[in-house]
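Colleague: So the sequence shown is residues 2 to 269, counted in the numbering used here.
Honestly, I wouldn't trust all of these hints.
Lysine-lysine pairs mimicking DSSO-like chemistry, simulated, CA-CA at most 30 Å apart [as the list claims (entries may be wrong)]:
| no. | residue 1 | residue 2 |
| --- | --- | --- |
| 1 | 94 | 22 |
| 2 | 245 | 226 |
| 3 | 227 | 265 |
| 4 | 225 | 206 |
| 5 | 225 | 260 |
| 6 | 225 | 138 |
| 7 | 226 | 260 |
| 8 | 265 | 245 |
| 9 | 138 | 216 |
| 10 | 225 | 265 |
| 11 | 216 | 226 |
| 12 | 227 | 260 |
| 13 | 265 | 206 |
| 14 | 227 | 245 |
| 15 | 206 | 227 |
| 16 | 216 | 245 |
| 17 | 138 | 94 |
| 18 | 227 | 216 |
| 19 | 206 | 226 |
| 20 | 226 | 265 |
| 21 | 206 | 216 |
| 22 | 260 | 245 |
| 23 | 22 | 138 |
| 24 | 103 | 138 |
| 25 | 138 | 206 |
| 26 | 138 | 265 |
| 27 | 216 | 265 |
| 28 | 206 | 260 |
Bear in mind the hints are in silico, worked out from the structure with no lab data behind them.
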Amino acid sequence: MIIRIIAMNKSVEKQSVSLLKRLLEILSITIGITLFGLLIQGSNTWCNYVELFDITEINIIGNTILSNQEILRLANVHTDTSLRSINIPAVQKRLESNPYVKAAAVSRELPNRLNVLISERIPICYINHNSLLLLDKDGIILPIPEQAIGTNLPVISGFENDSVDYYPGFYVPNQNILNIVETISQALITMPDLFSQISEIHYWKDDSCILYTVKDGTPIFFGKKKLSEQLDILAHFQNRLQGKRNLSDYQYLDLRWEKQIVAKERRS
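Kindly generate the complete structure, drawing on both the sequences and the hints.
Modeller: See below:
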């Protein structure tokens, strides 16, 4: 009987030792995690105290229409602000609130640099609707920028009395204009020489158009055929001139006739 009691006591003693070891392991892990957390917190506090991560440089890339000052104003980010405190999604949202910003990507570059990458909407023509606005290749309405665009763009006219309001940042609410914009976008790529000579595309209610040249304002009458097809005909006619003449050398050009162009030369 005495021997059994001793055996049981030894078993209990082993369990107690095992339990104590586990408790010590758990305590060690807990202390380690706590010390690590305190170390991180202390490091953060120290970094904030010495202003290690304060922004000293904001690098802006990709903007050609909006100035750096406009980008900074939109981002609402200032130097001497902690880089780690910047809310990246909020900054990107503020930037993309401008109609000219198609997409914005903002990233941190430790220790103190903020990178801002801008993808802009590029205007390809004006639209005359009560006031002068711009359109990109997708038909998004753009306001006139603060700084000059630096290139001549054609004006789409004939929609001055359109009763629908046009809002920057939204698609132009007129399918006829969208069709013209699509044609202009294609002409920029396939016939840039012809595109550079057009100053205005005036739309008539009967689906016909009159184009005016940049030089001397030569009117070019288009019929009801698809605008892109008539531009192809005009581009072919221009190529036949072989650089000896320009479209502006004519008093007018008329493409409303089937399979022919009526051209009246200017009197010298």
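Colleague: Each of the hints needs a verdict: does it hold here or not?
Modeller: Hints and how they fare:
1. 94 - 22: Status violated; Cα separation ~54 Å.
2. 245 - 226: Holds, at roughly 28 Å.
3. 227 - 265: With Cα atoms ~23 Å apart, residue 227 and residue 265 stay inside 30 Å; holds.
4. 225 - 206: 10 Å, holds
5. 225 - 260: Given pair residue 225, residue 260 holds - Cα atoms ~14 Å apart, limit 30 Å.
6. 225 - 138: Between residue 225 and residue 138 the Cα gap is close to 23 Å, so the pair holds against 30 Å.
7. 226 - 260: It holds: about 12 Å lies between the C-alpha atoms, which stays within 30 Å.
8. 265 - 245: Holds: residue 265 and residue 245 sit about 16 Å apart, inside 30 Å.
9. 138 - 216: 25 Å, holds
10. 225 - 265: 21 Å, holds
11. 216 - 226: 25 Å, holds
12. 227 - 260: 14 Å, holds
13. 265 - 206: 25 Å, holds
14. 227 - 245: OK: residue 227 and residue 245 at ~28 Å, within 30 Å.
15. 206 - 227: 15 Å, holds
16. 216 - 245: 16 Å, holds
17. 138 - 94: 23 Å, holds
18. 227 - 216: The given pair, whose Cα atoms are some 25 Å apart, holds under the 30 Å limit.
19. 206 - 226: 14 Å, holds
20. 226 - 265: Holds: residue 226 and residue 265 sit about 22 Å apart, inside 30 Å.
21. 206 - 216: 26 Å, holds
22. 260 - 245: Roughly 23 Å between the alpha carbons, so the hint for residue 260 and residue 245 holds.
23. 22 - 138: Violated - the C-alpha atoms of residue 138 and residue 22 are around 72 Å apart, more than 30 Å.
24. 103 - 138: Holds - the C-alpha atoms of residue 138 and residue 103 are around 12 Å apart, at most 30 Å.
25. 138 - 206: With a Cα-Cα distance of about 23 Å, the restraint between residue 138 and residue 206 holds, given a limit of 30 Å.
26. 138 - 265: 33 Å, violated
27. 216 - 265: It holds: about 16 Å lies between the C-alpha atoms, which stays within 30 Å.
28. 206 - 260: OK: residue 206 and residue 260 at ~24 Å, within 30 Å.
The earlier numbered hints that this structure contradicts are 1, 23 and 26.
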